[in-house]
Amino acid sequence: MFKKIKYWGMGLALLLGAMQVYAVEFNQVVTDQSKLTFVSKQMGVGVDGKFGKFSASIAFDPAHLQTAKAQLDIVMSSIDAGSNEANDEVKDKEWFNVKAFPTAKFVSTAIKALDKNRYEIAGNLTIKGKTKPVTATFTMVPLNAQPATARFEGGFVLKRNDFGIGEGNWADPSVVADEVQIKFNLVAKGK
Amino acid sequence: MSTNPTRYTVPAIVLHWLISIMILGTFAVGLYMADLRLSPVKLKLFSWHKWSGITVLGLAMLRLTWRLFNQPPSLPDAMQKWQRNIATGLHHLLYLLMFLIPLSGWLMSSAKGFQVVYFGLWPLPDLISKNEIWADYLKEIHEFLNYGMIVLVIGHAAAALKHHFIDKDDVLIRMLPFLKSKTSSKDQK
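Protein sequence lines correspond, in order, to chains A and B. Quick note: the first sequence, position 23, residue 56 per this note's numbering, numbers continuous. Quick note: the second sequence, position 112, residue 116 per this note's numbering, numbers continuous.
Just so you know, not all the hints are guaranteed correct.
To be verified - Distance condition first, Cα-Cα at most 25 Å in a straight line; then the derived DSS-like pairs of lysine-lysine:
hint, chain 1, residue 1, chain 2, residue 2
1, B, 46, A, 124
2, B, 166, A, 74
3, B, 85, A, 124
4, A, 145, A, 224
5, A, 68, A, 102
6, A, 216, A, 83
7, A, 124, B, 134
8, A, 68, B, 116
9, B, 134, A, 68
10, B, 143, A, 74
11, A, 224, A, 83
12, A, 126, B, 46
13, B, 134, A, 83
14, A, 68, A, 163
15, A, 132, A, 83
16, B, 166, A, 83
17, A, 149, A, 83
18, A, 138, A, 161
19, A, 102, A, 224
20, A, 165, A, 224
21, B, 143, A, 192
22, A, 86, A, 132
No lab work stands behind these hints: they were computed from the structure.
Starting from the given sequences, assemble the full structure and let the hints guide the process.
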């Protein structure tokens with residue numbers, strides 16, 4: 034009899050322990066381990082770029098997706114578009130108009146599960162004063178149990194002409210492709 | 005193969021003129037585009053320049069291979085030894101630069117972080133990883149080799165014209181398409 038209770042107790046303890054790992058709310062983004070990168074295409078050539086400065090705040094508990102949310106604020110002057118020449122160019126009016134629109138923002142509206150550790154996040158993206166709905170998929174990769182740490186990596190395809198990124202002569206998608214692959218890799222800790 | 009040909013073979017003539025036209029065109033585009041302000045036109049010109057340069061590299065490989073298996077006509081007997089040495093040296097240098105110039109451009113593109121994608125369709129491997137210092141060095145090297153090439157090409161063309169108009173031999177004619185060389189027409193008679 035005692036033995037049985039002991040087993041049940043052990044089982045329960047193990048279950049709670051396991052749940053603690055997953056029923057955690059990830060809410061502290063480790064900025065210096067997180068990355069926001071993109072790949073633009075010029076004349077068929079993929080060019081890597083990144084944003085050096087951004088802040089992300091998330092509240093993500095896989096067990097309570099209906100209350101999960103994420104917000105990203107990007108400092109547009111921190112862009113690295115692949116070359117010094119491009120970095121000067123993309124801050125101009127025709128591109129990001131960084132003087133008038135120093136930040137870009139993403140605010141989530143809904144997160145749903147697709148598969149084990151795979152999710153879809155929908156939200157509103159504001160660049161250059163224009164707001165459009167976007168949807169990205171991402172994977173949660175558990176890194177550590179105590180303190181609970183996970184990496185959230187995913188991305189989506191942004192159509193630059195939807196936001197007027199590269200106007201005038203630059204709008205021509207045969208030179209700079211309309212589709213830009215955006216990738217995020219956020220490391221977050223939970224409580 | 006023991007007979008001494010009087011003319012270059014048709015493939016050698018075709019490759020010679022095709023490559024020379026492409027080199028001049030690619031050089032002119034390169035000279036023009038280098039200091040342009042960033043624009044869609046600049047990106048197009050850079051891509052065309054790279055595709056053309058890679059084409060020259062491919063044609064140069066074809067040409068060298070052909071040259072190794074096909075004996076060119078020998079130089080006129082009237083030429084002095086030192087003239088022969090200069091001619092041979094100049095030809096070797098021209099061959100060397102046909103390879104080194106496209107390769108230095110390809111290296112430079114890799115170092116700048118822009119992969120070469122042939123005709124926008126076929127990605128070529130990056131020869132080195134992105135590195136600003138190397139990119140600057142390679143730009144200097146690419147420029148230097150090109151100015152060297154132009155000096156050699158002027159010397160090459162001047163020598164060919166000298167052979168034709170002053171020495172009145174068939175050194176130029178045997179590389180020209182559609183024209184029969186003096187000796188071969190004599191042979192036919």
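Hint check results:
{"no.": "1", "hint": "B:46 <-> A:124", "verdict": "holds, 18 Å"}
{"no.": "2", "hint": "B:166 <-> A:74", "verdict": "violated, 50 Å"}
{"no.": "3", "hint": "B:85 <-> A:124", "verdict": "violated, 63 Å"}
{"no.": "4", "hint": "A:145 <-> A:224", "verdict": "holds, 21 Å"}
{"no.": "5", "hint": "A:68 <-> A:102", "verdict": "holds, 18 Å"}
{"no.": "6", "hint": "A:216 <-> A:83", "verdict": "holds, 9 Å"}
{"no.": "7", "hint": "A:124 <-> B:134", "verdict": "holds, 23 Å"}
{"no.": "8", "hint": "A:68 <-> B:116", "verdict": "holds, 22 Å"}
{"no.": "9", "hint": "B:134 <-> A:68", "verdict": "holds, 19 Å"}
{"no.": "10", "hint": "B:143 <-> A:74", "verdict": "holds, 23 Å"}
{"no.": "11", "hint": "A:224 <-> A:83", "verdict": "violated, 29 Å"}
{"no.": "12", "hint": "A:126 <-> B:46", "verdict": "holds, 19 Å"}
{"no.": "13", "hint": "B:134 <-> A:83", "verdict": "holds, 15 Å"}
{"no.": "14", "hint": "A:68 <-> A:163", "verdict": "holds, 24 Å"}
{"no.": "15", "hint": "A:132 <-> A:83", "verdict": "holds, 19 Å"}
{"no.": "16", "hint": "B:166 <-> A:83", "verdict": "violated, 58 Å"}
{"no.": "17", "hint": "A:149 <-> A:83", "verdict": "violated, 29 Å"}
{"no.": "18", "hint": "A:138 <-> A:161", "verdict": "holds, 10 Å"}
{"no.": "19", "hint": "A:102 <-> A:224", "verdict": "holds, 16 Å"}
{"no.": "20", "hint": "A:165 <-> A:224", "verdict": "violated, 32 Å"}
{"no.": "21", "hint": "B:143 <-> A:192", "verdict": "violated, 34 Å"}
{"no.": "22", "hint": "A:86 <-> A:132", "verdict": "holds, 16 Å"}
Figure legend: structure checked against the earlier numbered hints; hints not met, in rising order: 2, 3, 11, 16, 17, 20, 21.
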